[in-house]
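Chemist: Listed below, chain by chain, are the residues.
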Amino acid sequence: MLEIILFSLLNGILYGLLLFMLSSGLTLIFSMMGVLNFAHASFYMLGAYFAYTLGMHTGFWPALILAPILVGVVGSLVERFGLRRVHANGHVAELLFTFGLAYVIDELVQLTWGTVAVPYREPDYLREPLFTLFGTDYSIFRGVVILISILMFIALWYLLKKTRVGMMIRAALTHGAMVGHLGHNVPRLFMLVFGFGCALAGLAGVIGGPLLATEPGMAATLGPIVFVVVVVGGMGSLPGAFYASLLIGLLQTFFVAIDASVADILGIFGLQIDPYGEVARITLANLAPMTPFILLVLMLIFRPRGLMGELEP
Amino acid sequence: MLEVKDLHAYYGKSHILNGVNFHLEEGEVVSLLGRNGVGRSTTVKSIMGEVPPQGSIRFRGKEIAGLPSHAIARRGLGYVPEDRDIFPTLTVRQNLELGIKNPRKPGKWKVQQMLDMFPNLARRADSPAGVLSGGEKQMLTMCRTLMGDPELMMIDEPTEGLAPLIVKQIGELISDIANAGVSILLVEQKLSIAMDISHRVLVMGHGQIVFEGTPEELRADDAIRKEWLEV
Numbered sequence: 000m001l002e003i004i005l006f007s008l009l010n011g012i013l014y015g016l017l018l019f020m021l022s023s024g025l026t027l028i029f030s031m032m033g034v035l036n037f038a039h040a041s042f043y044m045l046g047a048y049f050a051y052t053l054g055m056h057t058g059f060w061p062a063l064i065l066a067p068i069l070v071g072v073v074g075s076l077v078e079r080f081g082l083r084r085v086h087a088n089g090h091v092a093e094l095l096f097t098f099g100l101a102y103v104i105d106e107l108v109q110l111t112w113g114t115v116a117v118p119y120r121e122p123d124y125l126r127e128p129l130f131t132l133f134g135t136d137y138s139i140f141r142g143v144v145i146l147i148s149i150l151m152f153i154a155l156w157y158l159l160k161k162t163r164v165g166m167m168i169r170a171a172l173t174h175g176a177m178v179g180h181l182g183h184n185v186p187r188l189f190m191l192v193f194g195f196g197c198a199l200a201g202l203a204g205v206i207g208g209p210l211l212a213t214e215p216g217m218a219a220t221l222g223p224i225v226f227v228v229v230v231v232g233g234m235g236s237l238p239g240a241f242y243a244s245l246l247i248g249l250l251q252t253f254f255v256a257i258d259a260s261v262a263d264i265l266g267i268f269g270l271q272i273d274p275y276g277e278v279a280r281i282t283l284a285n286l287a288p289m290t291p292f293i294l295l296v297l298m299l300i301f302r303p304r305g306l307m308g309e310l311e312p
Numbered sequence: 000m001l002e003v004k005d006l007h008a009y010y011g012k013s014h015i016l017n018g019v020n021f022h023l024e025e026g027e028v029v030s031l032l033g034r035n036g037v038g039r040s041t042t043v044k045s046i047m048g049e050v051p052p053q054g055s056i057r058f059r060g061k062e063i064a065g066l067p068s069h070a071i072a073r074r075g076l077g078y079v080p081e082d083r084d085i086f087p088t089l090t091v092r093q094n095l096e097l098g099i100k101n102p103r104k105p106g107k108w109k110v111q112q113m114l115d116m117f118p119n120l121a122r123r124a125d126s127p128a129g130v131l132s133g134g135e136k137q138m139l140t141m142c143r144t145l146m147g148d149p150e151l152m153m154i155d156e157p158t159e160g161l162a163p164l165i166v167k168q169i170g171e172l173i174s175d176i177a178n179a180g181v182s183i184l185l186v187e188q189k190l191s192i193a194m195d196i197s198h199r200v201l202v203m204g205h206g207q208i209v210f211e212g213t214p215e216e217l218r219a220d221d222a223i224r225k226e227w228l229e230v
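Chains A and B, in that order, give the protein sequences. Going by numbering that gives the first Met the number 0, the first residue of the first sequence is number 0, and it counts up by one from there. Going by numbering that gives the first Met the number 0, the first residue of the second sequence is number 0, and it counts up by one from there.
Please note that the accuracy of each hint is not assured.
Per label pair, the in silico range of CB-to-CB distance [to be verified]:
id	chain 1	residue 1	chain 2	residue 2	range
1	B	VAL130	A	ILE68	36 to 44 Å
2	B	PRO102	A	PHE80	27 to 35 Å
3	B	GLY129	A	ARG163	18 to 26 Å
Worth flagging that the hints you see were computed from the coordinates, not collected in a lab. Even glycine gets a Cβ: it sits at the ideal position worked out from N, Cα and C.
Okay, chain B solo, but in the shape it has when bound:
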């Protein structure tokens, strides 16, 4: 479904991605692990066109590297950024409505369905989204991306800075999304969540993929964990 080949990216003069290669199949949940600053977020951003990519990114067999990000989104890629980026002056409901790409062709997810799933969002449906708590913002931004009917959703650090109970809820939401047939590329710091819900895990170091395998294989590989993950 997604095939990334020899992907390079730069911030100014610094070379952040140094030939990233990986693939993701339909229906898969894949986690991208690694320490801070190794280029996990940049990988996702360059797939989405926010950071100019060099190399090949193919989605459903078609090259998407170099397209503007709205065109990439329209191909069926959804992106939930690390800083959540809810629209603070719009209401919760309006945030969800803006997730719909084409109001004349609504997708399979409905605003009401999202609000039913999350009573906290429903209670604030007509308040400005800026007043939500961190966890609620994370729920909202994931629901908003779902409204656009993505086939592959890239979620960057959804649990960062959130309380354990909410982390658990977010893990459940990601599983629900996966069970609904959406493929997921998850960037995560917390090993436990990633190991629980992923079919495969990728470990990044120095702008490259340094390990690829199942969660079990990663668990068994002390050397990789020690070198690239543990602090």
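This is chain A alone, in the form it adopts within the complex:
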């Protein structure tokens, strides 16, 4: 039991950190530019595939740095030559643009790398156990992922709080036009933030690819969950996105680990629901993929502004 709790906790945090790497970029882009980027998870997928291909030439570690940069460049170009023109026609046009872009990227990935998973894996020595508890190994790679995530958060915090560009970004979050009136190139700032957000998604892909799977469905699997994180955390709130990422990461991991059925749990409270046997025998593990969306629905009904958001979606 303790083993399950401990490993679920570790894996839940790991998954949550990965979610935050995606949702932080999405949140920054949304609160600054008002663009809900439907293609965000596609940049995550690109990160994994770029790292896979680059890794064959440069090895794992250089690819870990180069792939996110490359994804960031692709993102900047998308903003500069696509989104910026579409922006003139309002938010609906932008939404549709990113929606279409997600499909384009998905198709391009399938054309380039095929429709089945590619063997993108961490080097063998990273698969050695970092530590062993109750006979279960925790791999070095998972430790590395947690370390990279934490380093990334420190870097993000430093960028936003301590640098001049970060000051401009924080100012533009609430008063974009005024930043321009002071003589700062806001369109360029938008391009940088969009590129940076995409690079973060790319980094999540680089480390998420070996953990989950590098396959053409990976964007479609994680994309909706990232949106749930942003809504549950509160649209436009970075701290909200952080807490929601961890919450959903932990919830999903714990649900997977719990083999009890709905009937078992009701049984604890002395309730018998035999007539509905089929439904009652669904285990929490079966419900795990649904938990983020149940949370989304409940959140929208009972607290539409999310955990820490100021605006309603």
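Following the hints, complete the assembly by docking chain B onto the known chain A.
Modeler: Just chain B now, with coordinates in the frame of chain A:
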């Protein structure tokens, strides 16, 4: 210095500016007067590029209509908007620092000098600017624009909603800015301030300039005041 010719602007389908013509010379303080909704703020916004302008706006002889607002600001135009737009999550000091266009080429105004001028700002220098009072926010936003070394500053309704004592301070600050050699285009509702500190006044009505003259000339012209200014 600034020459506006046949300026038109639209919000959606409504025609707000209907051929605005005026000019402003180096070192001048000019006030743009008129009732609410006649297009004074829109005039300033379209000069700054926030509302798309049609017509000609020349600053120091060069056409600026159609440029993005950061490029207009870099030409030497400063803009203090009506709703002040301080950055609430940044500290007072950071607000001032963001006024600097290029940290490698700092201008003649210094952050410390601003803080020395306004002890209220100095006391809150490292607090989030969101906690400031209305008057302090107005001071901050004017100081912030000054940090960018503007040659012409456009100030939109700086005294709106402020107590008389603070209105007086703001009038003094505007005079100080003018004495430092910065030209000023002031949008103001309160006739007394505008009359005190302006070299010339413009009166707007229905999206056009309907009067142009010295404060004395406006004082003498009962008909204009009655038709376009008094409620």
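Chemist: None of the hints should be skipped; say for each whether it holds.
Modeler: Hints, one by one, checked against the model:
Between VAL130(B) and ILE68(A) the beta carbon distance is about 39 Å. The supplied range of 36 to 44 Å therefore holds. The hint said 27 to 35 Å for the Cβ distance between PRO102(B) and PHE80(A), and at roughly 30 Å that hint holds. About 20 Å separates the C-beta atoms of GLY129(B) and ARG163(A), a value consistent with the hinted range of 18 to 26 Å.
Of the hints listed earlier, there is not a single one the structure fails to meet.
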